[in-house]
Amino acid sequence: MDPEDPLQAVVRRCQGGDQTAFEELFRQFQPRLRYYIRRLDCADNQVDDVLQEVWVKAVRGIRSLRDRKAFAAWLYRIARNEVYGRGRVADPFVGLTEEHLELPTHDTEPTFSGEDIGRLHQGLVRLKPHHREVLTLWFLEELPQDQIAQILGVRANTVRTRIYYAKQALRREMEKSHE
Amino acid sequence: MNELRNRLLREDGIDPADVSAQELVQFRALLAAELNRPHRLSWIAGPRVLTLRVPHAVRIASVMCLVTMLGIAAVVCVLQSGTVYARALSNLHQARSIHAVGYGYRAGQPARQCEIWHLRGVGTKIQWLHGRQLIEMYDDGRDRYKYVQGGSHAVKRQGRGELLPRELVEPLHYLKDAQHDLSRDRVIDGDLCRCYRREDPNTLALMWIDGEMRFRRYEESRRVEGQWQPEELIEIRYDEMFDLAMPPVTFEQRGIETVEPARVLETRYRLEDAIARAEVLGLVFAVHELHRCGAYLILTSSVRPTEPSLRDLAAAGPQTAVADPTSYGGFDLTSWWRRKEDGSIESRPYAIRQLGQLSHQGVSLCWHALLPRGAWPGQEERLEVCAYVRTDGVLRQLRQQKGLEWRGQFRPVLTVDLPAAPSDPAFVGRDLYEVGHLVVGISRAAQDLFVSETSSVTPEQFQERFESLLTGLRPMEEIWDRIDSDLPLQLVDENGTPVAGAWLGGRVRYANGEIFPEPSSPDRPVLLADARGQVSIAGSQLFSRDSSRDSRAIVYAFDPERRLVGCYAVAGSDFSGPVRVTMEPARRVRMSFALPEANGNTDSVVHADVRMSVPRDFSRNGVLLPVLSATTRERSMEIPLPPGEYTLNCHSTHNGAGHSAWRHFTVPQKAHDLDLGAIELRP
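Top to bottom, those sequences are chains A and B. Under our numbering, the first sequence is numbered contiguously, ending at residue 192. Under our numbering, the second sequence is numbered contiguously, ending at residue 1549.
One or more hints might be untrue.
What the hints assert, rightly or not - Cβ-Cβ distance ranges computed for the label pairs, FRET-style:
#1 B:ARG1052 with A:GLN135: 30 to 40 angstroms
#2 B:GLY1077 with A:ASP80: 23 to 33 angstroms
#3 A:ASP18 with B:ARG986: 15 to 25 angstroms
#4 B:GLN1093 with A:ASP18: 51 to 61 angstroms
#5 A:ASP80 with B:THR934: 31 to 41 angstroms
Just so you know, the hints here were simulated from the structure itself, not pulled from any lab data. Glycine included, each C-beta is placed from N, C-alpha and C at the ideal position.
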């Protein structure tokens, strides 16, 4: 049996109705959720509404969450559904040709550090939505690809390709702003 | 990576380490509501159902049926989802029971004003406070009943077919263009409710809607001097258990008689019982009641379609049925005159005042007061009822289509004998008071005289108003020719000795607790009595031909030291000879004012109007003549007034809210100063 990490312990307490545990989760995830929801092109005046709905659904549904390790993915999935459910818009992340491409075996993925955080943030904002979202999740949570796939509702392999091309695109955006 | 994430969040203006206090408070409220929320659905695992072998065609058909049904359900869901407003309104209509409490605000504190009980399919009861009167209203969808607690009868009228009271439905309209105000979301009775805010320059409306899209709370504020001041609060609860006893049972149990104004009036003013009637323009003009009160005539008359007109209206279509509450005609009474053969005009002019009117079920009823101007009816003892009659609505259209006259002046439309016996004005006034309740029970039109039983007007106040309206008819022609003459007076002291040098005027000014004579114009100085105490004042300083008031006026007399010593009501008959008036020093009348101070009323201005009650020959009530208007920022006032009967009207306005008080008082003969005590000004 895998040892329980601190987040799983908090989730378990939440499932037992522990209010302080809920507050811990809220303190931990509310800032990240806000950042994520903003990156989904949610209107500024709707962000607070969306966040509230996310937490209502999370509090109501946490008892039914079986895989506590997947809590973050589950929470982001709720947020994503809430954003796209509210506007009743079609998921814009479909029909991506690059996802059908093979990844180059010899090319190394760009790496990012906090030294150039301003350009990183601005570059992220300028990315195409599907790249922006996948990188946001990757930067925020370092979620495994299968969990990101759950959030986005796509295959894990698609996530892998999308992250690769998203990083390339972000690097190009950052270099542009550098010039 | 955590460091990278944190810096990204900061770059977006988000504190990665913690959330704001406001966010946390809201989350705690949300959490409390959700964790304390009763489980509305419980999951019950179903037993495994037998697996049947089903033919392939049946399976396909079943799947198609299922898909179709799901599609229909989806369309219905989309159609029904609607806006927050539509869903909240729909839930209001579908609620099994509603219990709402409405509050007004006094001195910034909510005060219970209204309570509503509603049971779906049964009806609604509303109980509200009007001034100091508690009023009950019931509506079962067909009929409405109104009862003023303490009264002997309840008034029944036709309902509007709406069970839900406007008090709940109307505030919801603001939801149509309201925005969610997250900062005001709150937990109400364990349910997290979203606040919707709708604001215009003068009004702020806040509405709370719970997770089941039910309207739970309403707050309305008005902008006063840049600040929002709360005005109204409604709290709404659903699915409470209560019994709702509806009329007629609830009234029968309490021994309260139910009165149907429409039926009473229909019975009282039946065409068959009219004193006189005549057909003109497809209408029946009828006189139902005629009273003679002193010189005045009080007349009740009506117009309604004739039988042939009713047939024409019925043939024209169902929309013109007589059940339509609008009238098919109206009339204005006029004076009588005719041109004689020699070309001269013979006339019997009246001063006419409409006291009230009602249009109901195709009948237009009017109550009038008439005062003959001149020495008649004299021996003839009859009244030519003259009227300008007009048809209205569909009846007018029908007559116009047929090329018939739709309006006309009739001198007379009919003639009636005057009653031989005079009626007591008090009796007529009391009768009109009762009729007024019936009229306003049906009609919402503003009336000159008629007031509802909820208006807090006592029979005595009504009588005063009635006689005041009659007084307004008194023709200035009585003194028309004398207005330009001088009115002579002789001023004497209590021993009958003429007071030389006394001051006399028709206007005064109040300042610092004293009343001073005021010239009516720069070229008309205040008058001084001669050595014999005699002084004349021009009639034009006291009377105006344009005045609709009684032909009486107040003259003010001051002793040589300019102290007020008398207010005298002079009439047209006083022009004929010197009026001997005895001067008696005025008494000092003190009063203090009590205002709701907690509402920031410390700098309010109080306006006080003093009127003198002067006896009349035909009534117990006197005519009220204005004596003085005074304004003060103090909380007390002192006014010198000679002996007599007075009324005092005080009012104060602060932040748009009016407060007033009324007091009748007597300054007795040979009395000392008078203290009226504290006069409480109420909203």
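These are the hints, each one checked on the structure:
{"no.": "1", "hint": "B:ARG1052 with A:GLN135: 30 to 40 angstroms", "result": "holds (38 angstroms)"}
{"no.": "2", "hint": "B:GLY1077 with A:ASP80: 23 to 33 angstroms", "result": "holds (27 angstroms)"}
{"no.": "3", "hint": "A:ASP18 with B:ARG986: 15 to 25 angstroms", "result": "violated (53 angstroms)"}
{"no.": "4", "hint": "B:GLN1093 with A:ASP18: 51 to 61 angstroms", "result": "holds (53 angstroms)"}
{"no.": "5", "hint": "A:ASP80 with B:THR934: 31 to 41 angstroms", "result": "holds (36 angstroms)"}
In this structure, only the earlier hint numbered 3 is contradicted, and the remaining ones agree with it.
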